[in-house]
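Asks: This is what each chain is made of:
4 protein chains.
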Amino acid sequence: MNHDPDRPRDIAHIGPVELYTPVLEESRGFFVDVLSLREVHRDDTSVYLHTWDDYQSWTVRLIQREQAGIGRTYLRASGPQALERLPGIDKRVSDVYGLGEVSLFTDPDGHEMGVYWDTARYEADDTDRPALKNQAAAYPGRGANVRRLDHVNYLTADVPKTSAFLADVLGARCTEQIVKDDGSAQAVWFNLGQKTYDLVYTEDWTGANGRLHHIAFATDTREEILRAADVCLDAGVHIETGPHKHAIQQTFFLYVWEPGGNRIELCNSGARLILAPDWETISWTRAERAKGQAWGLKTIDTFHTHGTPVVPPPGR
Amino acid sequence: MNHDPDRPRDIAHIGPVELYTPVLEESRGFFVDVLSLREVHRDDTSVYLHTWDDYQSWTVRLIQREQAGIGRTYLRASGPQALERLPGIDKRVSDVYGLGEVSLFTDPDGHEMGVYWDTARYEADDTDRPALKNQAAAYPGRGANVRRLDHVNYLTADVPKTSAFLADVLGARCTEQIVKDDGSAQAVWFNLGQKTYDLVYTEDWTGANGRLHHIAFATDTREEILRAADVCLDAGVHIETGPHKHAIQQTFFLYVWEPGGNRIELCNSGARLILAPDWETISWTRAERAKGQAWGLKTIDTFHTHGTPVVPPPGR
Amino acid sequence: MNHDPDRPRDIAHIGPVELYTPVLEESRGFFVDVLSLREVHRDDTSVYLHTWDDYQSWTVRLIQREQAGIGRTYLRASGPQALERLPGIDKRVSDVYGLGEVSLFTDPDGHEMGVYWDTARYEADDTDRPALKNQAAAYPGRGANVRRLDHVNYLTADVPKTSAFLADVLGARCTEQIVKDDGSAQAVWFNLGQKTYDLVYTEDWTGANGRLHHIAFATDTREEILRAADVCLDAGVHIETGPHKHAIQQTFFLYVWEPGGNRIELCNSGARLILAPDWETISWTRAERAKGQAWGLKTIDTFHTHGTPVVPPPGR
Amino acid sequence: MNHDPDRPRDIAHIGPVELYTPVLEESRGFFVDVLSLREVHRDDTSVYLHTWDDYQSWTVRLIQREQAGIGRTYLRASGPQALERLPGIDKRVSDVYGLGEVSLFTDPDGHEMGVYWDTARYEADDTDRPALKNQAAAYPGRGANVRRLDHVNYLTADVPKTSAFLADVLGARCTEQIVKDDGSAQAVWFNLGQKTYDLVYTEDWTGANGRLHHIAFATDTREEILRAADVCLDAGVHIETGPHKHAIQQTFFLYVWEPGGNRIELCNSGARLILAPDWETISWTRAERAKGQAWGLKTIDTFHTHGTPVVPPPGR
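Protein chains in written order, with the working numbering: chain A, 580 to 895; chain B, 580 to 895; chain C, 580 to 895; chain D, 580 to 895.
Among the hints, erroneous ones may be present.
For chains that are exact copies, the list does not tell them apart, and a pair is met inside one copy or across any two.
[As the list claims (entries may be wrong)] As a list, the in silico EDC-like pairs of lysine to aspartate or glutamate whose alpha-carbon atoms are at most 16 Å apart: (1) Lys-877 / Glu-819; (2) Lys-670 / Glu-680; (3) Lys-877 / Glu-867; (4) Lys-870 / Glu-819.
Keep in mind the hints are simulated off the structure, nothing from the lab.
Work out the full structure, taking the sequences as your base and the hints as a guide.
Replies: This is the structure:
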């Protein structure tokens, strides 16, 4: 895939996200105790949580819902003018906690998204004020100590269509992809700035729409992920696979399932960034993927079959 | 300092740099054996070296010169149009190894810089071909294993003037700064994309022009830096200070002097990035800096007195 | 110093220790929140705390006392017969929580010690039961996550005399030492098994008796110590020096002061062990020590002047 | 299994080992380039290699032989008297490079062993002299940087018999074991001092005798093992499984096959030691092992089927 390096990057980063869970308080417990987020706001059906180095007022909203899954993904525009340049807006709302006016739309697979410019800054209080003023809140020193939301990996019934949407409408750039034997994309990794990726679309084997593969949080070190594995082990959290290193994007990873059923990744990319403005998309074939992950780990079956909400595969 | 978030980011990243050294082969030995760069090209008076994850054909050029110091810093434009938008060019040259046409200029303190768009990709050969095709060369597994050039810290006789140049001409954004009691800046950290910083200017206490404080290389982990300290210890490399963590920017650091006398930093920022497009410059006062580095280390005297080329302070 | 390799090693390891503190609850807060110990027992004037991988029922007892300092150090014999072989016992007591009969004595500098064989095993409950049955309690995932007590460093007015006591009476072996220009020992590191050291005596510049330099806790990684530095920073704990690496014994260290004033070390030795049964004592001279710690850090002044209880130096 | 804590520990540590390889120079290349050992001696059919923190003159001898496998394992006695106490000696030889008189014997499965007291110290030369005199040689800063040989895991046709030999004759202590449904041991981990284990016997499913499961080298950190995985990946070394953490003994591990076919483990135990002189053997059942390794990794098939020399299983 090619992109125009001179096209302005109108989306700065992925912002807060909403997750649905059938067990709100259990999910909250996982995010607070294991991932080390902090509860910062609450309403009748949801809880707002913050990662310690997010400059914005909240990072994840957990919403009580019959089935697990992903709600809205908010994206911050790069500036007021960038916000105006973005096309395809369905409607504008002003009732989102911590954000100013949000322009809502859906991707071609039905995932809800919202772009915004105005946002409230996180304000630490006496219990989490950091010693160094260049971080949002004190380092929690608890559980996985995730620094920030890193990326969202969506399932989609039509990778090429959502991929085109990301490239054409949002101006995201495809850094790596999996191509099927027929040459079409099976999964695509897009970035918004210099991170290796921010938004990922993976083919949904069930043909369903609007589902989630996982959301991921970044840690500062691989050691935090190794320790998080011990924390999950003792806390009875389901470890799906890892820790190991992906061949694609070389991310060091651990996948666990939060109590509501959503897959959560802890990830670390070391100092790897995509600095080249004309980075050429890396394509991985079936043969290459047959080698397994970077150090040879075979991909676990559930990685291909579990998504939220859980749906029966077609024909069963 | 404020900036316009909608202003396009016309410089993508700092590119290769030139360093002067009075002891070319000794300096080369340090960069190859201790930092783990690879020699990729050589001419009569200089050696071109490559870090294993640089997508470009070379990262550092060591040039034999009577005195240590910094030569040209090359900056890659974000695109062909971005290159055209940059003002203040002195002349264009086409004789730089591995780069296309380069637009040359100097900063207000006399440091030479060059902006370019066309660049040659690094091509691994049979001796350094990586197993994973999303990295430029095989992981060296030697010395400090630095992944890439991270930033350049220049000494300047006039911080406000060079700072204005970075902001106004290059469109760089100031993420953190040290302010003197009179409110003027004593040191400024600017970034070009989402890294915490790429270009730094520090006040030159000697009043001299065009000098270097240090260049820095990024490692994937803090552990690589701790091990590098052992490698330097056994190799007889002068360790100036560290490993420790800066309060400013929170960079984990180690400072050593290469055989030519130039100060070299090994640095790691964990997963810290500046994602906010309207990040407000963090200012550090003298009182705040009196607390020392993040964990209390007092700044070593030579950090304020050593630069290259070495010059006698005024009045002595 | 020489020792007879065939002499049985009658002391297996240092056991629980008692610390005095003028601020019992504040000290308890530090040990629980920052070091990650767990309160397991309490009486009128003291609190018993446990590190997560101690097989015994408690690790540290904090005792309310007007002045900070060290109380008894308990040492576990290698077996019932080993216990009988140890000479120089003052009296036997059976009222120590979690221990069987204890043979009490003092070292030549007046530090109280007790040797025992019978000991209660730690029994995890539903809130700290580990997933793997080969560890005593669940991994806390909180603060510094110290695994176990590592060593005690005593101040003494007479290093040669206490050193002889360690060697002759306890059968400990000197692995490293600092020698003064007159050839006498200024500090001595002794081990009881295959660890690099367990008991250390450092000359007390004040001439006082029975004081403490520090007690140390082992972490699994250096990364835990780097993170602990951040936890201490945000918690307002006084960081005295580090993280850095000692030249002597090569221990990676961080020194902090707990709220009661006692110096606490977090330490990691990597995979370093003393396997040679005829290890020859390594001696460090003043000239060698002038190079600073392993990577060049100069020893901070308070490291030579602070001990507990705090006493005025002689002649002042 | 019980042991008498008062029985002296007559074996201090496992000493150098011999490995057979059909491709001597290729195996040497792996040990030097990937594991970072150093060639220190050579004769017609073998090469002697040294790990950087081994106080003895050599660590591994690679011997050209038609089939891969393990040769002699040398064990250092705890002292001259300890050497005399050891029974069951077949003969004494004095022709082993770097060692004094060696008392030879075989374990019940036919593995050759030798116990010795006199040993030559490693002497660094100008190319590997360490800056700190408490380590044997300079830190290599190359490949996996293994510090020392950690343990040997033998295959045996009769675990109970070899286990009794280890306990009764050598005085080793069983720290953990796998028990079959009939209560007999399938694998046993024994230690000689305070390490978690030094000698391991695993049931040989082929019924053959004298074979090797793997030898292991200790690294200082888990990060060294993660990096070693990258080094092996780029060097084309076969990674069998890992990095991951064993449930048994909690060792962080990576298993690779050296060019001769012998399985090599890189391992790290953090600060875990067996300090209790009356440690009770931990027994793992089939049901417990069905949970996989500590974080859930399923044991790879070849782990149960590959040993050296390679032999066809019975009945095929």
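Asks: Check each numbered hint against the structure and report the violated ones by number, ascending.
Replies: none
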